[in-house]
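Assemble the whole structure, with the sequences as input and the hints as a guide.
Protein chains: 2
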Amino acid sequence: MAELLKGKPVADSLDEVTLKRADALKEKGITPTLAILRVGERQDDLSYERGATKRCEKDGVAVVNKVLPEDCSQEDLMAAIKELNEDDNVHGILMFRPLPKTLDEKAACNAILPSKDVDGITPGSMAYIYSGLGEGFAPCTSQAVMEILKYYEIDPKGKKATVVGRSLVIGKPVSMLLMNANATVTICHSRTENMAKVTKNADIVIAALGKAEMLNAEYFENGQTVIDVGINYSEEKQKLVGDVKSDEVESVVEKLTPVPGGVGSVTTAVLVSHVVEAAERLLK
Amino acid sequence: MAELLKGKPVADSLDEVTLKRADALKEKGITPTLAILRVGERQDDLSYERGATKRCEKDGVAVVNKVLPEDCSQEDLMAAIKELNEDDNVHGILMFRPLPKTLDEKAACNAILPSKDVDGITPGSMAYIYSGLGEGFAPCTSQAVMEILKYYEIDPKGKKATVVGRSLVIGKPVSMLLMNANATVTICHSRTENMAKVTKNADIVIAALGKAEMLNAEYFENGQTVIDVGINYSEEKQKLVGDVKSDEVESVVEKLTPVPGGVGSVTTAVLVSHVVEAAERLLK
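Each protein sequence line maps, in turn, to chains A and B. Going by UniProt numbering, the first residue of the first sequence is number 1, and it counts up by one from there. Going by UniProt numbering, the first residue of the second sequence is number 1, and it counts up by one from there.
If a hint is listed, it holds; no wrong ones were tucked in.
For identical chains, the list gives no copy identity; a pair is met inside one copy or between any two copies.
Think about it this way: if two alpha-carbon atoms lie no more than 27 Å apart in a straight line, the pair counts; the simulated BS3-like pairs of lysine-lysine are:
1) K197 <-> K255
2) K284 <-> K101
3) K58 <-> K28
4) K54 <-> K82
5) K106 <-> K284
6) K245 <-> K211
Hints were generated in silico from the structure; no laboratory data involved. In this text, all values refer to a predicted model and were calculated from it rather than measured experimentally.
Pasting the structure below:
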C-alpha cells in the first residue's frame, strides 16, 4: 500500500517557519498583513476566508477585510484595489474569484500589484513564474505541491515529472516550478495520445485535470510518487474525491497524497507564507 | 537520408502573406512600421539590421532607425524607448541586445510596450506566451520553429515533442507554442538524466542548447523530425554548425533542418510578420 503523503504535517511545518518569520518582521516594526477582497457573500468565499483568517492568526499575520456588495460597480472594485495597492501596511492581496459576471475580472486582476499578488493571478506573477524575472508569486496550489515534495524529501532534481493538465491555475505553474527544481517535465492534456504511457514513464505524477477519479490504476506503476491536486465532488460516492482513483491506485504506487487531506490542506499555509515573503521582500 | 527542411521556402511563403497583409493595411492608410533601436555599432547588430531592413522592404514594411552612441546614458535610452512607444506611426520595436554593460538592459526591456514588442523580450510578452492573456509576441526564433513545422505540414497535435533547452529566448517559449498546438511536450536541460532516452521517445525534437553538435546519432531514432535551433561557430570545422551533429544524424532521422539555412533563415520573416500583426491588432 502506498505511503499517504498527508498535507497537515506539511502545513504545520510551514506554519512554524512562517510564524518565526512574521515575528522577526514584527521586531522590525512590520506586521505582515493580508487584505482579503471579497465581492458578495458566496459560501465558497466565506468558507475559504474563515480558513485563511484562522491560518493568518496562527502565523502572526494580520488580516484586513475589504467587502463589496455583489452589485458594486467596476469603479468601486478598481478603487478598492487601488486603495489596497497604495496602502503600505498591506503586503498581500487575496481577491476571491470568480467575480460576479457584471464585473470585468481580467481588468481587476491586471490592476493588482504583482508585488502584493500572493495568489499568483496577475500577468506580472505569470511572467515571474515563467521567466523568474520581475515580481510576483506562484499560485498557492502549485506551490503547495512543491512544499509537499520538499517536506517528504522527494527531490525533483533529475527526476522525470509528468503533469496532467495545462491550466494556468495549476498545470502550467507547477510545470515551471518543477522545471526550476531541475525535474525533466512532461505536460499532458486532453489531446495527449496514450496518456497512460506518459504517466507510467514518470517518477513523479501531478494529477491536475479536474476530472473525478479519471486516472485509474492503468495510469501508474510501482515506485511512483503521485500528487493528486483534484478536488471533485462525486455524486456517486457522496464525498470529495481526487483526479486519481485512489481505491485502485494506492495499491500500485509508492506514495500518494490523499483527497481530502492532501494538497488542499497546504494551500492556505502557502498563502500566508507568501504574505510574509511579500513583506520581507520590501526590506531587500 | 533525412529530408532537409530548408528555411528559405518557409520565409518566402511567409513574405508573400506578410506583403499582402501590409498592402491591405496600406489601403486603409496605415503603413506598418518597424523601429530598429540600436546602441553603438556592433557588427552583429549591423548585420542583422541590414537583413531585417531588406526583409521589411520586400514585405512592404517601413523602417525607422533610432541609433544611440555606445556611451549614451540610461536616460537617453529610456527617452528613445518612450518616444517610440508613443509614436502612433511605429507598430513594432526591435531593440538590439546585449546593450553596452553601462546600461540597465532589464529596465529598457521592461519599458517597451508589449503591444510593440515584436521580438518577445518584455515581461508582458512573456506573460502572453505563458498564459495567452494580455498583449505581446513570441520571440521570433521560437515562432520560426512553428512556421517551419506548419510549412512542411508537420502538425504537432497529439505528437510527442521534446525540447532540449529551457532558455527564455527559445526553450521555454517554443515549449509553450508546441503545447498550444496540442503537442505533449517534454522539456530537457542540463540536469536531465539519460537525455538520449527522452529525445528518442519523441516524434519531434527541438534542439536549443547552444552547444555545437552536442546531439549526435545516439540521441535520435528513425522517423523523427528534428528542428535544430543552434547556431554555433565550430573552430574545428571553421564554419557554422547546429546543436545537432548533422553528419551523423541525417542518416538516422526522417526530417532535419540544416544549419545554416534552417531556422535562422526564417527569423527575420517572422519579425516582419509580427510588425504587420501589431498594426492589424490596432484595428481590432
